[in-house]
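Visitor: Sequence:
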Amino acid sequence: MGRPRRRVPLSNSGREKMAVRRRLQELFQDPQLGGVITVERPLPPPPPAGSAGAARRPRPEEWAVFQCRGCRAVLGDSLHLCAQEERRLGLLACLRVTNDVAWEESLMIGLEGALLGCTFNALSCRSCGLIVGFILYSTFSDLAYLRGFFCFFKDSILCYLLKTKMIIEASKVNFPALSLKEELGKLKEKLVMVHMRLELLMKKLEELNQKNNVAEKQSTASDAAGLMPGYAIVKMNK
Numbered sequence: 001m002g003r004p005r006r007r008v009p010l011s012n013s014g015r016e017k018m019a020v021r022r023r024l025q026e027l028f029q030d031p032q033l034g035g036v037i038t039v040e041r042p043l044p045p046p047p048p049a050g051s052a053g054a055a056r057r058p059r060p061e062e063w064a065v066f067q068c069r070g071c072r073a074v075l076g077d078s079l080h081l082c083a084q085e086e087r088r089l090g091l092l093a094c095l096r097v098t099n100d101v102a103w104e105e106s107l108m109i110g111l112e113g114a115l116l117g118c119t120f121n122a123l124s125c126r127s128c129g130l131i132v133g134f135i136l137y138s139t140f141s142d143l144a145y146l147r148g149f150f151c152f153f154k155d156s157i158l159c160y161l162l163k164t165k166m167i168i169e170a171s172k173v174n175f176p177a178l179s180l181k182e183e184l185g186k187l188k189e190k191l192v193m194v195h196m197r198l199e200l201l202m203k204k205l206e207e208l209n210q211k212n213n214v215a216e217k218q219s220t221a222s223d224a225a226g227l228m229p230g231y232a233i234v235k236m237n238k
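Position 177 (the sequence shown) corresponds to 177 in UniProt numbering; numbering is contiguous.
Derived by calculation from the structure, the hints in this document are not laboratory data.
Ideal placement from N, C-alpha and C gives every residue a C-beta, glycine not left out.
Mixed in with the good hints, there may be bad ones.
Now the in silico label distances, taken between C-beta atoms and shown as ranges [to be verified]:
#	residue 1	residue 2	range
1	Lys163	Glu206	45 to 53 Å
2	Leu89	Leu198	29 to 37 Å
3	Glu199	Gly117	20 to 28 Å
Each computed DSSO-like pair below joins lysine-lysine, with the alpha-carbon atoms no more than 30 Å apart [unchecked claim]:
#	residue 1	residue 2
4	Lys217	Lys203
5	Lys203	Lys190
6	Lys203	Lys186
7	Lys186	Lys204
8	Lys163	Lys190
9	Lys172	Lys188
10	Lys211	Lys188
11	Lys188	Lys203
12	Lys204	Lys188
13	Lys190	Lys172
Starting from the given sequences, assemble the full structure and let the hints guide the process.
Guide: So this is what it looks like as structure tokens:
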């Protein structure tokens with residue numbers, strides 16, 4: 001058997017390194033991380049001079065109303081866009097639509113293209129019967145984020161821009177990238193703020209109740225002190 005090794009005391013720099021290593025291990029092992037990590041990225045390069053024509057394409061600066069291409073019936077609006085635009089299929093996904101949108105109860109199966117093997121309910125305009133989109137029922141992982149939403153074909157709808165009062169084909173409008181995850185994050189922040197306010201109100205209410213109880217006890221004690229010996233206050237329930 002070899003001799004037992006003696007532990008060499010660590011210097012201050014050695015202790016600091018060990019502390020840093022332990023801290024890094026805790027950060028990578030603990031899934032509940034606190035704080036915010038900010039990653040700075042360089043700004044994208046400016047577009048070349050030859051792409052000026054692409055920059056002139058109309059964009060919805062504020063709000064847009066979606067209309068049926070066949071009869072101009074209002075089907076929805078850009079305020080209810082809830083997912084990133086699907087450019088392969090030319091789709092706009094909305095969380096809500098108007099009563100002018102009807103959907104078939106029977107399921108259809110895609111036989112070609114990006115919807116091959118997918119099942120969906122067709123969406124049509126209630127006024128003219130034009131097929132304007134679908135609701136995905138089952139699909140592959142690449143389109144799973146659209147499942148359950150009202151998906152409009154951009155080729156089947158028109159956009160009425162409220163700011164400019166212009167009607168433009170939806171296929172010529174570049175909509176901003178939206179994410180349901182971001183919307184849920186904002187909603188979660190609002191719920192947390194409401195919860196904190198409710199806790200403060202409950203705390204203030206408890207303090208007021210305690211003060212009222214103390215005041216009632218003091219009032220009862222002062223009334224009892226003014227009674228003649230042998231008498232007591234009797235409270236009658238109404």
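Visitor: If a hint holds in the structure, say so; if it does not, say that too.
Guide: Hint-by-hint comparison with the structure:
1. Lys163 to Glu206: 45 to 53 Å: At 50 Å between Cβs, range holds.
2. Leu89 to Leu198: 29 to 37 Å: About 44 Å separates the Cβ atoms of Leu89 and Leu198, which means 29 to 37 Å is violated.
3. Glu199 to Gly117: 20 to 28 Å: Violated, since Glu199 and Gly117 (Cβ atoms, about 50 Å apart) do not stay within the stated range.
4. Lys217 to Lys203: The given pair, whose Cα atoms are some 21 Å apart, holds under the 30 Å limit.
5. Lys203 to Lys190: holds, 20 Å
6. Lys203 to Lys186: Given pair Lys203, Lys186 holds - Cα atoms ~26 Å apart, limit 30 Å.
7. Lys186 to Lys204: holds, 28 Å
8. Lys163 to Lys190: Status holds; Cα separation ~29 Å.
9. Lys172 to Lys188: violated, 34 Å
10. Lys211 to Lys188: violated, 35 Å
11. Lys188 to Lys203: holds, 23 Å
12. Lys204 to Lys188: At roughly 25 Å apart (the allowed maximum being 30 Å), Lys188 and Lys204 satisfy the hint.
13. Lys190 to Lys172: violated, 35 Å
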